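Using the sequences provided together with the hints, build the complete structure.
No gaps in the numbering here: position 213 of the sequence shown is 213 in our numbering, and each next residue is one more.
Treat each hint with caution, since some may be false.
Unchecked claim - Computed cross-link-like contacts, DSBU-like style, restricted to lysine-lysine with a CA-CA straight-line distance of at most 35 Å: (1) Lys316 x Lys352; (2) Lys177 x Lys352; (3) Lys177 x Lys316; (4) Lys316 x Lys365; (5) Lys365 x Lys352.
Unchecked claim - Per label pair, the in silico range of CB-to-CB distance: (6) Ala39 x Arg377: 40 to 48 Å; (7) Glu65 x Asp339: 23 to 31 Å; (8) Gly75 x Glu385: 40 to 48 Å; (9) Val350 x His127: 19 to 27 Å; (10) Ser383 x Ser19: 43 to 51 Å; (11) Lys352 x Gly75: 36 to 44 Å; (12) Ser383 x Glu215: 26 to 34 Å; (13) Gly143 x Ala33: 35 to 43 Å; (14) Ala39 x Glu394: 38 to 46 Å.
Everything labelled a hint here was simulated from the structure, so no lab data went into it.
Computed from a predicted structure; not experimentally measured.
Ideal Cβ placement from N, Cα and C applies to all residues, glycine included.
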Amino acid sequence: MSIEAALRAREEGLAPALSELVARAAQRVPGFAARLERAGLTPEEVCRPGGLDALPVLAKDDLVELQRADPPHGGLLDPDADVARWFTSPGPLYEPQLEGADWRWGQALADLGVGTGDIVINCFGYHLSPAGAMLEQGARSVGAAVVPAGIGAQDLQVRLIADLGVTAYTGLPSYLKALIDRFDDAGLDPAAWRLERALMTAEPLPDSLRALLAERVPHVRMAYGTGETGLLAWEPADEEPGNGLALADGVHVQVCEIGTGAPLTDGTEGEVVVTLLRADYPLVRFGTGDLSAWTLGPDGSLRLRGVLGRVGQAIKVRGMFLHPRQVESVMAGVEGVADYRFVIERENHVDKMRCEVVPADGADKAALEQAVAAAVRDGLRFSTEVRSVESLEEGDGSLVDRRDWS
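Structure follows, in structure tokens:
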């Protein structure tokens, strides 16, 4: 089967759910009805074969602007929707988690062999961002118990791993390595390490780091998803990595040409565009900003090749997006800064961020460094080293990514 044929078969399978979504959302959700009107489309036209592709892609920045104009959800929420939690991501972008919503992470965990009897240490953040709650929901959906660990307090976390007999991990690849190192440094009994499965996302997993993790965790797999859309694809557990990412059930995924939004039906690289099949929050043709391409797995199934980069200027640092616009907003509030840049590097498989700042004439360097560190911590939710310098190289911009992922 060709990629084009596999895409056609998948879309035919999702067509009934898409038709139901569009028909209801056009009646119940003002923001979605307005999108159709701006595009000159009727619900019937969108539901015809290929009709969805006529709806322009909704970029993340577009969604931010919609929410600013009509807070907090940009008119894209059914008035009767039952919102269980509100999250936020850089932008700011506000993300509703609806009662009963399945963000599908349980599909990847079940494929990895996680289920009843497992204890999962979930090392995604629970504070404001959705990843912690999403992965916990996924673990509970397959019957596993959860340690809501988040990030930090590693001494306590490794003690929990030993004492509770933790068997699985969800979080960043780099953080799993940090826990392994801390476990060993703490002198804990090696026999108490029973962690055998890890599902990771939100940052790349280079082969060198994968090999290190596999020495202690036999089953290591990557998954791909976003805070707005949930799980989209993952590395199948019964295959060697490198065969692409299997698509999650119950979500419409496209790879589209950048600029035009036209779906790509071959192996050409483009933006991942997602439609959530929920009428109460119709996130339709949402541009994730991630780059990928289609491929076929060994069994002929449709796969994503992985996350191949980003559209635009935003970059991911420690699993969270950072955009030059956010940096500019935070730094504009710090007095005494003549110029600055943020440099992101990779050391021992961990992201390191440094702010190089040029003090204005008469500014106290020590006080300025403290003020910048506090502003970044409060405004961007990042900790950073701050270093005063005499000048900066021209043309670097406010974000300089020097990470080597080999």
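Hints versus structure:
Under the criterion of a C-alpha separation no larger than 35 Å, the hint pairing Lys316 with Lys352 is consistent with the structure, at around 12 Å. About 15 Å separates the Cα atoms of Lys177 and Lys352, which keeps this hinted pair within 35 Å; it holds. With a C-alpha separation of about 19 Å, the suggested pairing of Lys177 with Lys316 holds against the 35 Å cut-off. The straight-line distance between the Cα atoms of Lys316 and Lys365 is roughly 29 Å, inside the 35 Å bound, and the hint therefore holds.
Distance hint between Lys365 and Lys352 is fulfilled; the C-alpha atoms sit about 22 Å from each other, no more than 35 Å. Roughly 42 Å separates the CB atoms of Ala39 and Arg377, a value that falls within the hinted 40 to 48 Å. Look at Glu65 against Asp339: about 29 Å separates their beta carbons, and that is inside 23 to 31 Å. A C-beta distance of roughly 42 Å is found between Gly75 and Glu385, which places it inside the suggested range of 40 to 48 Å.
Take Val350 and His127: their Cβ atoms lie about 20 Å apart, and the range 19 to 27 Å holds. Taken as a hint, the range 43 to 51 Å holds for the pair Ser383 and Ser19, whose Cβ atoms sit roughly 48 Å apart. Take Lys352 and Gly75: their Cβ atoms lie about 41 Å apart, and the range 36 to 44 Å holds. Checking the proposed 26 to 34 Å range against Ser383 and Glu215 shows it holds: the Cβ atoms sit about 29 Å from each other.
The hint said 35 to 43 Å for the Cβ distance between Gly143 and Ala33, and at roughly 40 Å that hint holds. The beta-carbon spacing between Ala39 and Glu394, approximately 42 Å, falls within the hinted interval of 38 to 46 Å.
The structure is consistent with each of the numbered hints, conforming to all of them.
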